[in-house]
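> So the protein sequences, as listed, match chains A and B.
Using the UniProt record's numbering, you'd call the opening residue of the first sequence number 1 and step up by one each time.
Using the UniProt record's numbering, you'd call the opening residue of the second sequence number 1 and step up by one each time.
If you're looking for bench data, these hints aren't it; they were derived computationally from the structure.
Keep in mind it's a predicted model, so treat the numbers as computed, not measured.
Note that CB positions come from ideal geometry on N, CA and C, so glycine has one too.
Honestly, I wouldn't trust all of these hints.
[Claimed, not checked] With the Cβ distance kept under 7 Å, some of the chain A side facing chain B (calculated, not the full set): (1) Lys84; (2) Phe87; (3) Gly91; (4) Val117; (5) Pro150; (6) Pro171.
[To be verified] Okay, derived cross-link-like pairs now, BS3-like style, lysine-lysine, Cα gap no bigger than 30 Å in a straight line: (7) Lys99(B) / Lys31(A); (8) Lys218(A) / Lys290(A); (9) Lys123(A) / Lys84(A); (10) Lys143(B) / Lys31(A); (11) Lys186(B) / Lys101(B); (12) Lys123(A) / Lys31(A); (13) Lys202(B) / Lys31(A); (14) Lys192(A) / Lys31(A); (15) Lys143(B) / Lys290(A); (16) Lys290(A) / Lys99(B); (17) Lys192(A) / Lys290(A); (18) Lys290(A) / Lys159(B); (19) Lys202(B) / Lys186(B); (20) Lys99(B) / Lys202(B); (21) Lys123(A) / Lys218(A); (22) Lys159(B) / Lys31(A); (23) Lys143(B) / Lys159(B); (24) Lys186(B) / Lys56(B); (25) Lys186(B) / Lys48(B).
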Amino acid sequence: MTSTTLSAPAPASTDPSARRRGPAAARARRKRALHWIAVHSVAIAVALLFILPFVFVFLTSVMSDSQAMSGDLWPSSWHWENYKAVFETDGFLTWWRNSLMYAGLGTLFTVCSAIPVAYALAKFRFRGRRTAMLLVISTMMLPPQVIVIPMYLVWAQQFHLSGTLWPLIIPMAFGDAYSIFLLRQFLLTIPKEYIESARVDGCGEFRTLLTIIVPMAKPGIAAIALFQFFYCWNDYFGPQIYAAQDPGSWTLSYGLESFKSAHMVNWNMTMAATLLVMAPVIVIFFFAQKAFVEGVTLTGVKG
Amino acid sequence: MATLSPPTRRRLRVLGFLSPWLIGFSVFFAYPLIATVYFSFMHYNQIKEPTFVGLKNWRYVFEQMPLFGPALWNTLWLVVVMVALRVLFGLSLGLLVTKIKSGVGFFRTAFYIPYLAPPVAATVAFVFLLNPGTGPVNEILAKVGIDAPTWFNDPNWAKPSLVMLSLWGIGDLMVIFMAALLDVPKEQYEAADLDGAGSWAKFRYVTWPSITPIVMFAVVTGIVQTMQYYTQALVAGKIASGVNIGPGSVIQPGYPDHSTLTVPQLVYSMGFQNFNTGAACVLSLVLFAIAMAATLLLMRKRSGLLSAED
Chain A
1 MTSTTLSAPA
11 PASTDPSARR
21 RGPAAARARR
31 KRALHWIAVH
41 SVAIAVALLF
51 ILPFVFVFLT
61 SVMSDSQAMS
71 GDLWPSSWHW
81 ENYKAVFETD
91 GFLTWWRNSL
101 MYAGLGTLFT
111 VCSAIPVAYA
121 LAKFRFRGRR
131 TAMLLVISTM
141 MLPPQVIVIP
151 MYLVWAQQFH
161 LSGTLWPLII
171 PMAFGDAYSI
181 FLLRQFLLTI
191 PKEYIESARV
201 DGCGEFRTLL
211 TIIVPMAKPG
221 IAAIALFQFF
231 YCWNDYFGPQ
241 IYAAQDPGSW
251 TLSYGLESFK
261 SAHMVNWNMT
271 MAATLLVMAP
281 VIVIFFFAQK
291 AFVEGVTLTG
301 VKG
Chain B
1 MATLSPPTRR
11 RLRVLGFLSP
21 WLIGFSVFFA
31 YPLIATVYFS
41 FMHYNQIKEP
51 TFVGLKNWRY
61 VFEQMPLFGP
71 ALWNTLWLVV
81 VMVALRVLFG
91 LSLGLLVTKI
101 KSGVGFFRTA
111 FYIPYLAPPV
121 AATVAFVFLL
131 NPGTGPVNEI
141 LAKVGIDAPT
151 WFNDPNWAKP
161 SLVMLSLWGI
171 GDLMVIFMAA
181 LLDVPKEQYE
191 AADLDGAGSW
201 AKFRYVTWPS
211 ITPIVMFAVV
221 TGIVQTMQYY
231 TQALVAGKIA
241 SGVNIGPGSV
251 IQPGYPDHST
261 LTVPQLVYSM
271 GFQNFNTGAA
281 CVLSLVLFAI
291 AMAATLLLMR
301 KRSGLLSAED
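I would like the entire structure built from these sequences, with the hints used as guidance.
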């Protein structure tokens, strides 16, 4: 598709009226070619603006300390050892481990708790279903800062878990509104005939969910898993509230900011660390593009 | 089990499937919300027992708290400017992508990738890129003879810089708009063509009416997201200020000149640095009221969120 469209005005030849009138067809073709050039020039210019920040961050990350301070755009010599130095910084590997634990367990808990809830909201008919859905959406819309103070007091004073990431991970075993909403939208697209025929075959609700729905809902489940993983990986507010007191519990997102503060002048090291925080997210995206785009679309478009 | 009547059993089954959320909702949403209201009427420093003080915290926040005015102003400024520009820019990019004939995959990925950059990393990168002394952006602008502002270090430019950062991460909106634009029925365009409609008329009378629900959705979720704008503002202020911040050190948030101080930052600083739990809870409830109003608006206008409901 992409290779043939270089000769964009191809459809003109199939249009009988255009074939009859030669000069008009030529004009139309020229107009379409100009349009093609205009659209692609704008697209290239905008794409450059979007990509350049990454390029500059990368180029700075391999500069020497002094060059990174100079405002030069191109490194005079390539200091790959900056990346090694970042990894050897105190705490950096711990932050990786903590980020992986937070994001990994958080995602697992979210997926396991969201599946039955989303299924019930999408496929069961019961009184209060609409109210339940409205409540899910309200929670989804609620800024986390609204409820953070009483929650912090409970975790810190009753459970003595401040200084750890558990106050962030444990609640995810009890459903996450955004994931429930997203998965429910996805499950609505599965025809109810599948469930009905399973019921006719004497399949229990729970088995229906596990053997029929879950396999069919894989793309939706992949989407919520990815979103939750990224949410945890990117989260700054949560770790700042609960993990800040103990550097041993910091995550990459939280640690990165303190990394810059500790290396006040070293923009090269900071940019190397910045890229290392971005890298996993971008690598995962390239492996799971479809699930992503599907998930984003689901949030905005009716199910 | 055998003694239960079918309706009871059905009800129990619904409860069973919903139980993770029912527990989560009561423990991690309803309880803290009620507790926030409770603490907003209490004097509580998180050490001594809370004591009832009536409306004192409310009056303090609205009448005396020196930073409440700037924080509310900044938050509302960001809500208006950021949401408007994000929707406009996201829609333009969505339109652009649907017009692209060659290399759609490449362009879509290029526009989408920045959205994935972790907010802290993106913010640190932007503070560096826009750094007056060493940043490449001012370096390039100087080469073409433009006298650039000092961005995150200038109270007048700090918020616009944050807006630029947020426009860089527009990928999610672009994808949502793109999907909506591709959903517009082709026949309507053909009919408009027959009527001799130009591209503006086609947009105004065909495209726009069919994407308004999505635009509405983007506006309302944008308002709610911007109401909780926190990480980028905080990190940008801290890094740009150049202050060495170790754990425990307290700096005035909102560098420079409180220009990046938002209401959520004030909640944090009241609750976790000044230990004025009452005032922090009042601020939380202000956020809650605005977010709730936006959500209700969203549901009333039927943005498609619940349209799949039979």
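> Where does the structure disagree with the numbered hints, that is, which hint numbers, in rising order?
1, 2, 3, 9, 10, 12, 14, 15, 18, 22, 24 and 25
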